[in-house]
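K.L.:
Chain by chain, the residues:
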Amino acid sequence: MHFVYFREMMRSFRQHRSVAVTAILSLTAALILSGLFLLLSWNAHVAIEQIGDRREMVVYLNDDVTASDRDVLIGRIHDLYGSVTYVTKDQAWKDFSAQIGDPSLLEAVGDNPLPASLHIKLKPELLTPDGMEATAKQISQFPEVEDVRYGAEWVRRLDQVARSLLVVTISVLAIAGLAVIMVVYNTLRLTVLTRRQQVEIMSRLGATGRFITTPFVMEAMTEALIASLLALGVLFAAQQTLAARAVSDIAFLPPVGVAGFLGGVLLLTLFASVLALSRVFRSVGS
Amino acid sequence: MITFDAVSKRYGERLALDSVSWHMDEGECVVVVGPSGAGKTSLLRLITHETQPTLGTVTVGTFRGGRLKRRHRALLRRTLGIVYEDFRLLSDRTVFDNVALAVHIVGRFADSEVIPRVMRALEEVGLPLKQGALTTELSYGERQRVAIARAIVNRPAVILADEPTGALERRSSEEVLNLLRGIHEEGAALLVTTTRMEVAETLGGRILRLEDGRLLTADGEPTRLPAAYVAPAPAAPSASPGSGHGGV
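One line per chain: the protein sequences are A and B, in this order. Counting from 1, one number per residue, gives the positions in the first sequence under my numbering. Counting from 1001, one number per residue, gives the positions in the second sequence under my numbering.
Since the hints were derived computationally from the structure, they do not count as laboratory data. Each residue gets a CB set at the ideal place from its N, CA and C atoms; glycine is no exception. Mixed in with the good hints, there may be bad ones.
[Claimed, not checked] Computed list of chain A residues with no C-beta within reach of chain B, every gap over 12 Å:
hint	residue
1	F3
2	E8
3	Q15
4	D64
5	S140
6	P143
7	R157
8	A162
9	R189
10	A207
11	T241
12	L267
13	F281
[To be verified] If we take Cβ atoms under 10 Å as the criterion, some of the chain B residues that face chain A in the derived model are:
hint	residue
14	T1054
15	R1070
16	L1075
17	R1088
18	D1097
19	L1101
20	A1102
21	I1105
22	V1106
23	D1111
24	E1123
Let the sequences and hints guide you as you build the complete structure.
P.N.:
This is how it looks when you write it as structure tokens:
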């Protein structure tokens, strides 16, 4: 029985080749555009994640903190907020000297005025503007702490960029999804209407809705799959070209992203097919 | 097997069938003769549930009255073999594929049974050597024989033929009628509608006349339902027409 459906689908492909090719090309164009944006969005997301990973909080300690108090503080911060790196006064001075480079300037400063500090790599759930602000407030309450610094404004802007990117990505995907639905819907309607006589005859011979519609759905799904693979191929070629010639860091979608792209397109196609066929059969089938 | 109980069918202002009551038994051959526009096609369309009666009840086997759900309509049609005046064959397929389509639609048979069933039907209508031809390459008489092969391939209990010789010249008409008579003699009930009285005479079944939407016996009396098939009056106001379904 499944072979019958397959044969019906192939027959439809052969007889309405131009409709099928037009549908595949239209879908491919829509999917290339949305995939291109998905690719850019993915790379921007990766870049933001990497920058976000470097978001660090620096806690300056009072000069009179004893070693045991400092170790207790490090332990508590490690438990509550994230991994801690201790930078001594001497290490801080060495780093500062290395940055300045000019010994005459350093001599003018005199004794080492820099405090010891704790560099905290925050837990991922605290890497939000509000989370970082609350963390900084809490840490500053410890008596051993002189000051807490982090790029509050920078973190807030980074967050805004990430949020805007997400909104734009969702909007573009929604528009692309709508385009997929429209193309599949109209192609199927056209295909069914050009095969109206066949549908009517099958209906009069007692064919079930499933018998009549399955080849059409299979046809739409195959067209969508071909279009998706073509679009992914074009995107992969574009990514490889860009990576080789201009932006070496640009990455292709991860396997999960590719699977999601294909799955999403097929799901939308199935939805559009069911919608188109249920409407068109109301007028054709009796 | 097929019962019309006070069935009327109206298309806008036009009354196609006027309170027709009539019954057809299993294995019977009935020929309905009437001029164009008398309501013959409406009669068949009511049996196949392509349309609904304006008044009255049509019963086909255990499918009784009311508007059937799509899947029950499909089930009903799979129990019938239908031959149309304009053949209703798929022009993009071979003779074999047209007949095989009916087998696939019924879905009762394994793939290995399809070829022998189709070939047997094609042999019965005398077209085994045309199995690979497109239907557009056949004469009208041959096309009608393909349509008959498609109608009988699943061995239905009833064959409906709407003006089966309407598009054929005399010799092809005789061949088609002989085929239909042979199928009936093997046990299938046969309901044929035609404008030509000689078709009825050739087939030799019960002859009914359809005139201005009224179904009459050969003597010109309005047809009536046998007492056994007359539905009892509803016992309570809530009683509704049956909506049962099942095989013919």
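K.L.:
Given a cut of 10 Å on the nearest C-beta pair, is the interface hint for D1097 (chain B) held or broken against chain A?
P.N.:
Holds: closest Cβ of chain A sits about 9 Å from D1097 (chain B), inside 10 Å.
K.L.:
Would the stated hint for E1123 (chain B) survive a check requiring a Cβ distance to chain A of less than 10 Å?
P.N.:
The hint is violated - E1123 (chain B) has no Cβ within 10 Å of chain A, the shortest such distance being about 21 Å.
K.L.:
Beyond 12 Å from every chain B Cβ: check whether that's true for Q15 (chain A).
P.N.:
6 Å, violated
K.L.:
Are all C-beta atoms of chain B more than 12 Å from that of R157 (chain A)?
P.N.:
The assertion about R157 (chain A) holds, with a minimum of 59 Å to chain B.
K.L.:
Can you verify the interface hint for R1070 (chain B): is its Cβ closer than 10 Å to any Cβ in chain A?
P.N.:
Where the cut-off is 10 Å and the nearest Cβ of chain A is about 6 Å from R1070 (chain B), the hint holds.
K.L.:
For the restraint on L1101 (chain B), tell me whether the closest CB of chain A is nearer than 10 Å.
P.N.:
With a minimum Cβ separation of about 7 Å from chain A (threshold 10 Å), the hint on L1101 (chain B) holds.
K.L.:
Minimum C-beta separation from L267 (chain A) to chain B exceeding 12 Å: can you confirm that?
P.N.:
About 26 Å separates L267 (chain A) from the closest Cβ of chain B, which puts it past 12 Å; holds.
K.L.:
Any CB of chain A closer than 10 Å to the CB of L1075 (chain B)?
P.N.:
7 Å, holds
K.L.:
If we take the beta carbon of F281 (chain A), is the closest beta carbon in chain B still more than 12 Å away?
P.N.:
About 9 Å separates F281 (chain A) from the closest Cβ of chain B, which leaves it inside 12 Å; violated.
K.L.:
Let's test the interface hint: is any C-beta of chain A closer than 10 Å to that of R1088 (chain B)?
P.N.:
5 Å, holds
K.L.:
Beyond 12 Å on every Cβ pair: is that true for F3 (chain A) relative to chain B?
P.N.:
Its Cβ does come within 12 Å of chain B, the nearest being 7 Å, so this is violated.
K.L.:
Would the non-interface assignment of D64 (chain A) survive a Cβ cutoff of 12 Å against chain B?
P.N.:
Per Cβ check, D64 (chain A) is outside 12 Å of chain B; nearest 86 Å; holds.
Checked against the numbered hints listed earlier, the structure breaks hints 1, 2, 3, 10, 13, 14 and 24; every other hint is satisfied.
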